[in-house]
Amino acid sequence: MTRSFVMALMFMCLIAGPWLTDAQAAADREKLLTEPGVYGTFALFALNDEWAKQDPAMRIVRLTSLKGVVEQHREHVAIDLYLLRGLSDHADLLFRIHAAELRATQEFLLDLKSSQFGRYLKTVGVMHGLTKKPNYVPGFPDPMKADLKAVSEPGQHPYAIVIPVRKSAEWWGLDQEKRAEMMQEHTAATLPYLKSVKRKLYHSSGLDDLDFITYFETSKLEDFHSLVLSLEKVQEFRYTRRFGSPTILGTMKSLDEIVELLAQ
Amino acid sequence: MTRSFVMALMFMCLIAGPWLTDAQAAADREKLLTEPGVYGTFALFALNDEWAKQDPAMRIVRLTSLKGVVEQHREHVAIDLYLLRGLSDHADLLFRIHAAELRATQEFLLDLKSSQFGRYLKTVGVMHGLTKKPNYVPGFPDPMKADLKAVSEPGQHPYAIVIPVRKSAEWWGLDQEKRAEMMQEHTAATLPYLKSVKRKLYHSSGLDDLDFITYFETSKLEDFHSLVLSLEKVQEFRYTRRFGSPTILGTMKSLDEIVELLAQ
Amino acid sequence: MTRSFVMALMFMCLIAGPWLTDAQAAADREKLLTEPGVYGTFALFALNDEWAKQDPAMRIVRLTSLKGVVEQHREHVAIDLYLLRGLSDHADLLFRIHAAELRATQEFLLDLKSSQFGRYLKTVGVMHGLTKKPNYVPGFPDPMKADLKAVSEPGQHPYAIVIPVRKSAEWWGLDQEKRAEMMQEHTAATLPYLKSVKRKLYHSSGLDDLDFITYFETSKLEDFHSLVLSLEKVQEFRYTRRFGSPTILGTMKSLDEIVELLAQ
Amino acid sequence: MTRSFVMALMFMCLIAGPWLTDAQAAADREKLLTEPGVYGTFALFALNDEWAKQDPAMRIVRLTSLKGVVEQHREHVAIDLYLLRGLSDHADLLFRIHAAELRATQEFLLDLKSSQFGRYLKTVGVMHGLTKKPNYVPGFPDPMKADLKAVSEPGQHPYAIVIPVRKSAEWWGLDQEKRAEMMQEHTAATLPYLKSVKRKLYHSSGLDDLDFITYFETSKLEDFHSLVLSLEKVQEFRYTRRFGSPTILGTMKSLDEIVELLAQ
Amino acid sequence: MTRSFVMALMFMCLIAGPWLTDAQAAADREKLLTEPGVYGTFALFALNDEWAKQDPAMRIVRLTSLKGVVEQHREHVAIDLYLLRGLSDHADLLFRIHAAELRATQEFLLDLKSSQFGRYLKTVGVMHGLTKKPNYVPGFPDPMKADLKAVSEPGQHPYAIVIPVRKSAEWWGLDQEKRAEMMQEHTAATLPYLKSVKRKLYHSSGLDDLDFITYFETSKLEDFHSLVLSLEKVQEFRYTRRFGSPTILGTMKSLDEIVELLAQ
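Chains as they are written, first to last, in our numbering: chain U, 1 to 264; chain P, 1 to 264; chain Y, 1 to 264; chain H, 1 to 264; chain B, 1 to 264.
No wet-lab data here; the hints were simulated from the structure. Mixed in with the good hints, there may be bad ones.
If several chains are the same, the list does not tell them apart, and a pair holds so long as it fits within one copy or across any two.
[Claimed, not checked] The calculated DSS-like cross-link candidates involving lysine-lysine, where the alpha carbons are at most 30 Å apart (straight line), are:
{"id": "1", "residue 1": "K113", "residue 2": "K220"}
{"id": "2", "residue 1": "K113", "residue 2": "K145"}
{"id": "3", "residue 1": "K200", "residue 2": "K167"}
{"id": "4", "residue 1": "K149", "residue 2": "K53"}
{"id": "5", "residue 1": "K145", "residue 2": "K253"}
{"id": "6", "residue 1": "K133", "residue 2": "K113"}
{"id": "7", "residue 1": "K200", "residue 2": "K132"}
These figures come from a predicted structure and were not determined experimentally.
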């Protein structure tokens, strides 16, 4: 009993730790998540076999280091966490990291890896992309532009899906006008789902073996499925050489939720 | 002798445990297995090297936790078990899980993985699909619709086969009418096998690197082979980019049978 | 000295064990190896790193369990063994198992895996096929039918080769007549090698990610090479999507020879 | 405290060690990095799981051997180091080695691997290429030749990217004139980025499963992204069978920086 | 000191051991290396992690077993050794073994694997081919035949390269005359390199997932690169489905050199 009481205390400290948001950090985070010219990194990790063998007290000690590293870097990078275990087969955790410079992201991931928690993490994948101003939207008809301003439904969107995309050489060989035409058909197919499926696009060419990383949030997975089905039916899809492989499906979690789940 | 007597007792308790079906749970399970709008997850696991080194008493202790986790979640998810070992090369066990929300499935798999038994499981694959009302059947001629209502032969269908499918971009680029025509040819090819091979279809686009998960049960594997051969010969098959890879073949087992087999 | 004497005794017992063929088992085996409607399974295993660390006495103990499992199942399944080590890079042993039902094969492989020897085996691959009456032969001209009745040369055929095959969707989309025509050209190319290369065909569609498993035995590998070269030159080969990958090459061994070789 | 004082001392010695550049070595290095007929090797390593378990004092001892090996070989080979961890998912360190003969490179890598540090390194990839005089430039118009003489911006270029390239058989089958024409279009697309993105080309055919290794340095990753996007749009890109896979992204580090980072 | 003296002695014995060439063995070796109808096996091995942990004295003991196995089999098989470490990423050692029968090769590799040294070897790849009389040369014009008789430059050719090749189904579907014509163009492209790059061809169809294994020796890697580049430009190259993957690059070593290098 005494032991579990001590552990409960340790756990309380861990959760209630110095995870205070001050206005400045929040503002920086907002900028990183909305502006063009920001680097987004998707880092996928699996917990190794030794994690399962750690006793709960030790796990809590390790998880404290995770909290510490995130705390220490949150002034420079915006960090979001996702639980993949149970929904994706190749990784347990996804970190989405936004930064003005990839060096800041590398520094965070180096510190994470050399933390007490990091030694239980196996790096499964790292993908980078860049946010940019919309390419084709300026040429779309005005009603479509208006439609695109629809804000997604408020409230929680527990599911997140990441789909890496690579286009064919034929796609890039088309002239801008032809591509714009097809992107308009593509965009029209997405309109019915703008409210229930939130999207964000990252440009990857050269930073990775991808051209784009597409990121989605939703509370209605069935709508997301219908959206993808619609996108498979437009002409532009024939110029897609890789779509997924892997498709990454998980649930958004706060750092505290992740800590609580992994402590078990 | 005393030791094996104790172990036999332990084993009896394990098998005869609180695995009671109450009417409500059965009704929920029935709904999950028959209605559209349900998520089906196929989770493939391999037992790691350490399992083989556990002595039988310890295995029984571990298997008790498996029973416990399944018991605890069966109100929210419908769980079916399959033994792949000996018939498939990449996994030992398959869990087919039906749920109204993938979050419920994730919670079950998280608890499974953090159970005493779960630490011996290596996740080999996770695939998700959604049940939907038939797409093309409403447009089929009436005699075919009548044929499709044939119920499969009663009794046990010990073999289960799971074949993941991805269609080509060309398929999705065809108009609905052309696809319906080819699906009618596809369906005609399946009619001779409706009684001996039970089928269930899951739609996966966006949830996974697949478009469909096709699931089969049969007691006559030779009939199933003939069915697949027929399906390879119809026009629609030319629009299939991935068929299997892996093809998953196993035998359906009750939780108690699995426990008994793994305890050895 | 005493120790090696004991080990020699142990080894003698192992080799001279109750591996007695009674007439019934031999008849059943003959049927399984020649009739249509039989399932053939090719199970590939690698010995893990721990096997190399066992001392010879312990190996002999483990190998006794291999003999026991094979003995116990030989009434229901016909088992052939091949040594791949040194000739194939991904596996050390191949079991070819014929059974009237795949469940019987699964039971054998489960018992093999949970035997004392089985814990040193890593499953590398499992492929299944079904023997069927010849598809195209009935339509061949009579002289070719007569040629096909040639029996292979008596005596030992030490080399065995297994080549998995998958045909393209285009192949299955051809009409039966066109396929028969090409299979006649294919068969004509094999005639010069009928005597020196023994062949057996298994149909796999749906049971595996294959359409066929082709199995060969020969004492003249150079003839086998010439046969494959001839088959690559006929029109039907252009409809082959996968040929090998892996090609499995090994030598046929009796159970006693395998035991003797692995005991070293 | 005493222990950390000793460790600090050890670390000082490590960093301040005999890493002295004499004029001759610098001159040789300059030649290796600029002349044609030099072999460039890109060797990728991951730190194994045991490295994370070493205590800091032991790590410093190991890293001393890394410094020693580099020191010992720098008369014969020019060695550059890059930190990939956090930015690439399959490796932690990249060594770029230039030598007049690949045997000298092999000797360095053998000594590295058998050093005290080397036993913690898992070789993830080795690629070789040869520097050659420009193939197509002599035929370019004079203004383009002048543009190509632009020197890249001075100062640090912290990011390095390595993209392996394999051309299609169709590319090599084109006549020299057609290829020269397309390379001129390719080169024109690179002109806007000559100042902010430094490039170096290695020819690999036969030395590796590649035709080229393209190496980039930049402080502006967004410019590099735009450069790659431009290159994807020219006609020559359609003749590229492999571009990346993997794309290797890291930051340039001095040996001392690497030692300092890994000591943590 | 005493210990290193003993180790030096052990090492001397190892190197100076009974590696005596008698005239008969030399003659047999010569025949195996030059005649048609001989099987060539390329066996690739990586040293496992435990090797790096052995102390030098133990390594020498292990290496003695390597020498013993090679000694014991050299009457029946011709064995050549290559050091890949540092130049290839997937293996450390290559054994090229020529034998009149693949069974003899299997016996050597079985003994190697079960030797004291063999337990540190991980089999990475095994490829087989058959030497045959030239297929197309008899039909070449006389001046080309004369050119092909040029002997390669005397002296050491330290680099060896192995490139596995698979032709497309289209290649084999061409008639013999068309293929002969293209092989003449292919051969013409190799003439400038006959002296500086030594070549040997093995036919693999059916023995492996390959059609050919091409083997090269040179002291001028740049010439070898130019040769491959020339071969990529001839028409026949368009019918090549696999070229390399992997390309194996290493340096030729005597058994004593390998022993000395691995003892370190």
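Hints violated by the structure (numbers, ascending) = Result: hints 2, 4, 5 and 6 break, sorted rising.
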